[in-house]
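S.K.: These are the residues of each chain, in order.
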Amino acid sequence: MHHEEADVIIIGSGPAGLQAGKALISLGTRVLILEKESRPGGKLLKWDSLFPFGEDPAQVLSTLIDGLVPCLRTSAEVVSHSYSGGMHHLETRGGYSCSANALVLATGFQPFDARLKEEYGYGIYENVITSVDLEKMFSTGRVSTKGGQIPGRVAMVHCVGSRDLKAGHEYCSSVCCITGIKQAMKLCSLYPSVRVHHLYMDLRLGGRFHESCYKEAQVKYRIRFIRGRLSETNPGPGETLEIRYEDTLAGKPARMTVDLLVLLVGMVPEPVKCFNEILHTGADGFYGDGSISGGFAWNGTPGNGFPGNETPGKEIPEKGTPGKGISPDANYGHKSTGKIHNGDGDFRNGSAGPSGSTARSSLFCAGACTGPKNLVQSLQEASAVALEVNSYLRNIPQYERLYQDHGIRI
Amino acid sequence: MRADAQNLPWKDFQKEIAGDHYFYVRSCIRQNFFPGAEHYFLKILAENLGKDVVTDPRHTTCTGIAYHVDLTRLETTMTVIARQFALMNEAGYENLIISCVTSFGLYNEILEIWEHHPELEARIRDYLFRATGREFRIPCNMVHGSDILYKFRNELTAMSPHRLVNCVTGQPLTVIDHIGCHYAKMFPAKGVGGAEYPQVLAGLAESLGGRVVDYPERRMCCGFGFRQYFIRSSRGYSLSCMYRKMKALEPYHPDLILTNCPGCNLFFDRWQYVIGEQTGETFGQDGAGIPVLSHEELSALCLGYDPWDIGLQMHQVDVEPLLDKMGISRDRKRKYAGRGGLLLPEPEIPEIMRVF
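Protein chains in written order, with our numbering: chain A, 1 to 410; chain B, 1001 to 1356.
Hints are not guaranteed to be accurate.
Claimed, not checked - Label-pair distances were calculated between CB atoms; the ranges are:
hint, chain 1, residue 1, chain 2, residue 2, range
1, A, 277, B, 1050, 39 to 49 Å
2, A, 273, B, 1012, 14 to 24 Å
3, A, 254, B, 1009, 23 to 33 Å
FYI, nobody ran anything at the bench for these hints, they're computed from the structure.
Bear in mind that the values here come from a model prediction, so they are computed numbers and not experimental data.
Glycine is no exception: its CB is placed at the ideal position from the N, C-alpha and C atoms.
Okay, chain A solo, but in the shape it has when bound (with noise of 0.2 Å):
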């Protein structure tokens, strides 16, 4: 059994996890990547084209993965974990095993499966896709029904399996708006006589130049949006469809006979099964319980070793200071950095690390994992993650440096 030993494992290779090695690798550390799929890149391969600019994944992958091939291992499931000696120890389903000081999980999302919603048709009519089955589509060049005709009608729903109770996903998942947008106007450049109609609940475009996205799609594409939710699809004429949606402006229940329907599915949680025991989930399924001081607290006491909360109504240390003669077993204000302090146990060489290191305080977590987020954010809470893990393993307070060295917000 291959064996390898690092001072940071991180499991996911997406571009969460990729950011995070990066930066860390950067600052000196041994970082090894761990990837299920035979290939890295995550979910940046299942794009054709990234809002809200239309850049291209295989570049942005491309300049992430740079110098970080010699860390990445792939076709690597975890599928047990352990931690003994202030180490901790992984095996994969591969048969290969790896032991490290820290952990951080950038285990991303799932795209919701749009089965469940049986309403809506996904996997009973062929003409009923996903926004990943689009993108897929988009990346052969060629967007068409299942008998091979140019759509000329498109109806896109919003909120696929999101802010859905029966689907059991309460939450947002805050891409799928802009994604949407992103697609459809891929859809009309691509076809000019494709006509897009967006059915949605309210448009939540809070990233930057999201709304100019918006205004664009409505303005040069003409893509139409109404507010309402389909409540069902059912064949129509030969390959198309008959939608049943309700116009909730118009006030009225009304029909669309369509060539494709897109379904632009939300992110669901995919917790790793082996950390069930020692990370928590918060209501959604997503690692952390998303407040800014229980973020960090995973194992369900909100504000464990979290210095700003030791004292009741003290606040969150300014940015751009954070750190500063505090000690290293402590965290500072990242809303989903996600550590856990507190606990017996050791450290490699039984100085070099904090004292009182636990199983929990040396996991972390970046990216989708911890709930939804666009790329952009992603990579930036990879790249606060990782001076976390710097500091914990180096016990000392770099922040300062860092932040001049790398630009980096946190």
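Keeping the supplied structure of chain A fixed, place chain B upon it in accordance with the hints.
M.R.: What follows is chain B alone, placed relative to chain A:
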């Protein structure tokens, strides 16, 4: 539709259905329009399946119809339903079978409300005690009548001499299933197979040898919808719902429409005739209608009970084309015979929609 469309994630969803010792509450309308249905349901349970089932003549309407047309207050409805629970407890039972889909939905709705508002439940307990001196416990298991027949579908099929199979060609008969809206649309987890593609009737029909087809308006309301039907001015809307459904299922040439809700059964049966009178259109073969059966009637028919004892002659759409296809023999003379063989006058033959 895709060939593998039956690979639906909810399809295998099963709810808990008690295996024995049931208290049965009847429907207000089922036995009026389809007089054999509930009688044969109880007979099948007690005699064919050997189950312990009782009903209490003191039980009343659940007030569902009045509730849905805003004639009763919610508290009144709750108290009436609490009384049914009390009767069940007094009889020594904890598993409730509900005949009517409207009632089934209403019972579930009330239990759900009580879960969120225990203070309301406490108030209802007080009302019931003050009005009748009764107390009640919430049922351990509460299901619809069709759930029971679904649960025992394999046993029923094993003891049935007749199948949903064309006796001449050996091909399965084509069945359209129509589930009452209140069966699972409000609470998907209360329905076998969820809300969109419920398996409760499809499972029964397939077990009996039939082929269930999917059609565009499968989930659409039959048009009963209380406010549509009971308010005269909106009856046209009610009828237009049924017309749309019939037009949607017509191309599939069904041999049978199978329902689990008394209202739906009534509407599919009667409205086919009304549509015939209004538009001249009929949807079955050779000017006939498409026979409509409820889950109880179908089970009783397959088990070999006499169709005229089950009360199938009381249907507006003649069921004889279906009986012929299934190869069920019957005595023509008994079709309109009353109790003790007394011959009753035969109904008028309508000009539209063929009667055999």
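S.K.: None of the hints should be skipped; say for each whether it holds.
M.R.: Structure-based check of each hint:
1. A:277 / B:1050: 39 to 49 Å: Holds, at about 48 Å.
2. A:273 / B:1012: 14 to 24 Å: Given about 23 Å between the Cβ atoms, the range holds.
3. A:254 / B:1009: 23 to 33 Å: holds, 28 Å
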